[in-house]
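Throughout the sequence shown, residue numbering follows my numbering, covering 1 to 270 in sequence.
Each hint should be verified, as a subset may be incorrect.
[Stated by the list, open to error] Pairs of lysine to aspartate or glutamate, EDC-like flavour, derived with a Cα cap of 16 angstroms:
no.	residue 1	residue 2
1	K44	E82
2	K110	D57
3	K110	E56
Think of the hints as simulated: they come from the structure by calculation, not from any bench.
No experiment lies behind these values; they were computed from the predicted model shown.
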Amino acid sequence: MIKAHFLVAWVVWIVAASISAEEFTPITAPAATPAFSNTSAMPKFPLINTRFEQIEDGNDMPSEGLPEATGYDISLMQELAESLQACSNDYLKANLDKDASFKKMFNHPKDYRGHVVQFESTVKFLYVNPERLKDSKGNPLTLMRGHLSSSHQLITFLSIEPLPPGLKIGDDVLLTGVFVQRFAYINRKTPGIELTWTPLILAKHLEPIIIKEDPPPSAPWILGYIFFCSIAVGLFLMYRSRESGKTSRNNIFRRMKIQRTGKDRIFPGP
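Work out the full structure: start from the sequences and follow the hints.
Structure follows, in structure tokens:
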């Protein structure tokens with residue numbers, strides 16, 4: 001009987017040993033893939049383009065006619081737009097130049113051209129007709145246009161993606177894109193022509209900023225608040241009542257003392 005058990009155990013051991021060790025290797029889940037893992041297919045920031053050298057940024061343009069700074073290079077915009085189309089929103093934000101403030105970008109445009117910038121802004125104006133271009137393959141390329149206000153400073157934008165549905169003047173948006181140039185658009189006033197200078201930013205898209213409102217307090221909190229306020233008022237009234245009673249008793253005792261020892265004491269007659 002013992003030999004039979006030993007024989008069965010030996011057979012089980014032989015079968016177990018014959019199984020490959022790989023079959024017992026635990027299965028692990030694949031590592032999460034970053035949103036921009038294939039960085040080789042995405043552009044490097046800041047963007048570099050030979051057409052940057054031809055951009056006019058001067059703020060001393062003549063006040064009449066159409067100065068060069070009121071326009072932009074269409075071919076340059078096509079090339080920059082294709083670069084933005086090739087990258088994801090996360091990759092674009094990961095290459096944000098946090099040093100590119102409005103003042104630095106406006107006063108030193110050559111130092112920040114092609115850099116990724118970001119501004120929390122308010123929509124001030126939206127053009128009805130977009131800028132219609134074509135990319136290098138001949139496909140339609142539509143750029144939405146408008147003006148934003150960030151900390152009371154105007155920004156001109158071109159967006160390669162459609163505007164958020166229902167976007168209107170006064171809405172808050174997050175603008176993420178590349179700075180192109182210092183740009184002037186014409187404000188027609190009487191008499192003459194006046195230019196308004198703004199940074200021109202080519203954006204991938206405008207992201208609406210949603211302000212979350214605090215939910216109204218629940219009924220138990222309101223009831224608890226009323227209960228504790230009632231207790232506080234009751235204690236205050238009790239305290240005032242006690243203090244008023246003490247004052248009244250003090251006045252009574254004082255009058256009695258004056259009647260017993262005061263100079264106006266009335267002695268009984270004989």
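Each hint tested on the structure:
1. Annotation: proposed proximity of K44 to E82 holds, straight-line Cα distance about 13 angstroms (limit 16 angstroms).
2. Taking the CA atoms of K110 and D57, the gap is near 9 angstroms; set against the 16 angstroms cutoff, the hint holds.
3. Annotation: proposed proximity of K110 to E56 holds, straight-line Cα distance about 10 angstroms (limit 16 angstroms).
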